[in-house]
Amino acid sequence: MSTVLETSAPPSVVTLTRWELRPRDGQPPIRGETRVLAGTTPTSAVVICHGFKGFKNWGFFPPLARAIAQQGHAAVSFDFSHNGVGADGVDFSALDLFARQTHTRNVDEIELVIDALVDCKLLPRCPRSIGLFGHSRGGGEAILAASEDPRVDALVTWAAIAAVERWTDEQVDAWQRGETVFIPNARTGQQMPVSPQVWHDVQANQDRLDIVRGAEMLRVPWLIVHGEQDESVSPTHARVLFDAARETTDLLLIEDAGHTFGAQHPFTDTTPELQAATEATLEWFDEHLR
2 MSTVLETSAP PSVVTLTRWE LRPRDGQPPI RGETRVLAGT TPTSAVVICH GFKGFKNWGF
62 FPPLARAIAQ QGHAAVSFDF SHNGVGADGV DFSALDLFAR QTHTRNVDEI ELVIDALVDC
122 KLLPRCPRSI GLFGHSRGGG EAILAASEDP RVDALVTWAA IAAVERWTDE QVDAWQRGET
182 VFIPNARTGQ QMPVSPQVWH DVQANQDRLD IVRGAEMLRV PWLIVHGEQD ESVSPTHARV
242 LFDAARETTD LLLIEDAGHT FGAQHPFTDT TPELQAATEA TLEWFDEHLR
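In my numbering, the protein residues as written are 2 to 291.
The reader is advised that the hints may include incorrect statements.
In silico EDC-like cross-links for lysine to aspartate or glutamate, where the CA-CA straight-line distance does not exceed 20 Å [unchecked claim]:
#, residue 1, residue 2
1, LYS122, GLU232
2, LYS122, GLU112
3, LYS122, ASP150
4, LYS122, ASP109
Note that these hints are calculated values from the structure, not bench results. It should be emphasised that the depicted structure is a prediction, and the values quoted were computed from it without experimental measurement.
Taking the hints into account, I'd like the entire structure generated from these sequences.
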């Protein structure tokens, strides 16, 4: 582990500790960071899960993690081991791993990070309460993890998917023929490979990867945030999840927000839509993790 100091506005110092966890099957490490307000020992932690073609240092994730830390929680962000980002934490230089990034692996890795928190491996003191945050695909996987893991005390999702099968017939046909499908990354210009293993994983784990079923099973306070102008994941997904959820769930639809609430990478500044989502998220965790 290594620890550095971050200065953020309003003026306060956040410590950032980098760490690695090895998945149980010996695959490449999960690389992560824990942020806490300097001089404090948080009793609560929030685990932050990125989405498809995302990573822990993308766009709004670092400022969101700092904001969570400034509220007195430990903010635990990480890269899924098969997200395709290399050791530099920025470039998609491990596309062979990206091609094999399955939903079940990601859900297992969320639970592995929670294991490390509960075992006091990521903080000096074990947290008394744990929140889970996820964006887009990471939101759907956070729902699945929270529905399985009784150690999760609160959940917030932004632009979460309500189903894992969001493919075209042509893509499914290619996987059935044993071919790799390529998804364009508009930001980097890369063609991101998705192997048949990803499709087979979903076919073999239909019940476990049923996000709506996971929403029905959730027993924790859950805030669903979605942009009304989301161009990648329709706000219909949010309404489906909200309809399936229990009374401890709130739905926040942000009128002019797209999939990333106006944020880009590299991150430059917040937007009114991102600010609204962030403030609601902080209030939710403050209320339910104390």
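Exercise for the section: Verify the proposed pairing of LYS122 with GLU112, using a straight-line Cα cut of 20 Å. Expected result: OK: LYS122 and GLU112 at ~14 Å, within 20 Å.
Practice task
Mind checking the alpha carbons of LYS122 and GLU232 for me, to see if they're no more than 20 Å apart?
Solution key: violated (39 Å)
Practice task
Take a quick look at whether LYS122 and ASP150 sit within 20 Å of each other, Cα to Cα.
Solution key: Distance ~18 Å between LYS122 and ASP150 Cα, so the pair holds.
Practice task
Compare the distance between the alpha carbons of LYS122 and ASP109 with 20 Å, and conclude whether the hinted pair is satisfied.
Solution key: Holds, at roughly 17 Å.
Consistency note: the structure conflicts with earlier hint 1 alone.
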